[in-house]
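Peer 1: Chains A and B, in that order, give the protein sequences.
With this note's numbering applied, the first sequence corresponds to residues 1 to 401, in that order.
With this note's numbering applied, the second sequence corresponds to residues 1001 to 1243, in that order.
It should be emphasised that the hints constitute simulated quantities derived from the structure, not laboratory data.
It should be emphasised that the depicted structure is a prediction, and the values quoted were computed from it without experimental measurement.
Glycine residues also receive a C-beta, built at the ideal position from the N, C-alpha and C atoms.
Treat the hints with caution; some may be incorrect.
[Claimed, not checked] Pairs of lysine to aspartate or glutamate residues, derived as EDC-like cross-links and limited to a Cα-Cα distance of at most 20 angstroms, are as follows:
1. K345(A) x E188(A)
2. K312(A) x E1129(B)
3. K312(A) x D1093(B)
4. K182(A) x D204(A)
5. K1102(B) x D1087(B)
6. K1024(B) x E1240(B)
[Said to hold, decoys possible] To give an idea of the chain A side of the interface with chain B (calculated C-beta under 10 angstroms), a few residues:
7. M1
8. N2
9. F6
10. S10
11. A298
12. R301
13. A302
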Amino acid sequence: MNAIGFAWRSLVRQPARAALGILGVAAVGALLFDMLLLSRGLIVSMQDLLDRGGWDVRVSAGELPGSGLRISDAVDTAEAISRLPSVQAALVMRAATARIDRASGQPLRASFQGATMRSADPAGSRLRAPWTILRGRDAEGADEVVVDEKIASESRLEPGSEITMRASCVGDLEALPATRLKVVGIAEFPFQTTNETTTGGTLDALKAACGGNVGTEADLILVTSTGDADETAAAIRTLLPEIRAATNTEVVGRLQQTGFTYFRQISSVLTTVTVSFAVLLITVLLTVSVNQRLGEIAALRALGFSRVRVVKDVLSESALIVGIGGLLSLPLGLLLASGLDRILKGMPGIPVALHFFVFEAQALAIHIALLMATAIIAALYPMRIVSTLPIAATLRDEVIG
Amino acid sequence: MKSVHSPQASVPSSPTTSLIVDAKNVSRVFSMPAGPVTAVRDVTLQINSGDHIAVRGPSGCGKSTLLHMLGCVEPQTSGTLLFDGQDISRLSDARRSLLRLKQIGFVFQRFFLLPMLTARENVELPMSEAGVSKQARQTRAAELLEYVGLAARADHRPSQLSGGEMQRVAIARALANGPRLLLADEPTGELDEATGAQIAALLDRVNQAGTALVIVTHDPALADRAERVLMMRDGQIESERVR
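Given only the sequences and the hints, what does the whole structure look like? Please build it.
Peer 2: As structure tokens, this is what we get:
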């Protein structure tokens, strides 16, 4: 009987203890797996969100897009950027607050995203605004908009419906006349948060909705490079030193240094705590198990079992507990991650499409490596007990005891 | 119980010499908080193939310590202990383990069978450690269980066996690798008189088949079956009676 077979028999000898250990490892392992998914989840998810739509450079007035600062002479700036050889297209984005009248009840508050494209490259004309059309088509005219699913369902709108909107491009206190706009599509907006409602259209539609009171400013210019985003961002910075151009990777890097760093720190601390718990749990279980069997182990040593063999038996028992518990921890961890993701996404200001827990092969590999290390570290003390067990004294004590 | 061929015959061992153990002035001193305690003092003893030796004496006189020294699980503090001509004190732990595995069998008062294994698996265990093939192990375990009269209980776990049956399995396990020396520490200590007599008879048969046997016991009836009875007191062999 090899060490693994022997360890398996030792485990099933006390099924309650074995089940307790395995379930303990499964629970702690699930938490550990989730912490690993969390440590990079936001970064991976944000990178994915930014990369959607094919816009790989973001130009803003502040350090990060969405800082509230606006780019002046935005359309001319986009025009200048679009003429750079490494640029396919530049898209000017401007947001406004809006109210959509409803036949029954209170008007619906929404944000209105206006976008206009500048491209000197024929390939750039294929690019679209950074929202995804679910039904109907994208807005093209100054009297057309797309709305999100929430607005569509709450106001019972479908492509072809008309809405009355009052938009404000400078502040909530503006009193503006209502504008009739035609809904031509239902769209999904990638950075829309849970409680937000969003409409989108051309910059001309936004101007019309705001009564022409828009000015020349924009919140953001999205740029698609011809291939090398770093080179394009550098070219824009050289061309327009007063504004900030960053690749998607650089934006994620900046987010990592600011808001995301908390999640990484929390995840690192909780990973350390969960691994420590797992080590302690298994060490205690194995130590109790070994102490209950000292007489048997001493007898095996007297019968000729080598020190290495009895150490292997303990290590195999640890590996079995951690291995089975670790396997169970994967589905349990994914289930837990899905629940935790839903809870965390309920926080205000979190885009619906952003995920805190994202599965990556790298996280799985680290999970397995940490569990293997746990099995070894947890077995160190009980292995020491059996390897230094005084055979004769233990046999004597067992008889006296 | 059937009388079968020698249980040692089917597992090869190292070349036989008549002298197995040669102990010269061996002592064992334990360091205790209250000062050193001498458990075995200047014992000189030779064990030859086929010897049947009983060690008697009052509790704490050093019988079990001497047995453990002979079985290479307790190092001597002084003196020389040769097993098959090899100085035990010069062997590494791994070499001593191998020596015990191949040459020495142990029978304990409390049996120390592994409760999660069947009788057959308990007997197979030392052979498995010695690298004996699965088929050879199974054949040998079946032979040994037949030899100790437990062929019908091969698939029973220790918890399903009586004390006498457990001790018989333990004897079969001790004989698994064909040892030249069998050491038994109070083998009938946990058994009633009738069962103890059966175990004593079994040990006699093992000895008659050629295995040297050293039994530590308080039981005069068991000791009287031996050819040599060593009486110990205060760690020393006080007298030796040869039958």
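Peer 1: State for each hint whether it applies.
Peer 2: Tested hints:
1. K345(A) x E188(A): holds (17 angstroms)
2. K312(A) x E1129(B): holds (12 angstroms)
3. K312(A) x D1093(B): Holds, at roughly 16 angstroms.
4. K182(A) x D204(A): Satisfied, since the Cα-Cα distance of roughly 14 angstroms is no more than 20 angstroms.
5. K1102(B) x D1087(B): Between K1102(B) and D1087(B) the Cα gap is close to 17 angstroms, so the pair holds against 20 angstroms.
6. K1024(B) x E1240(B): holds (16 angstroms)
7. M1: It holds, given that the least Cβ distance between M1(A) and chain B is near 5 angstroms, below 10 angstroms.
8. N2: Where the cut-off is 10 angstroms and the nearest Cβ of chain B is about 8 angstroms from N2(A), the hint holds.
9. F6: holds (9 angstroms)
10. S10: With Cβ-Cβ at 6 angstroms, under 10 angstroms, it holds.
11. A298: holds (8 angstroms)
12. R301: Since the shortest Cβ distance to chain B is 7 angstroms, the answer is holds.
13. A302: Hint holds; A302(A) Cβ to chain B Cβ min 5 angstroms, cut 10 angstroms.
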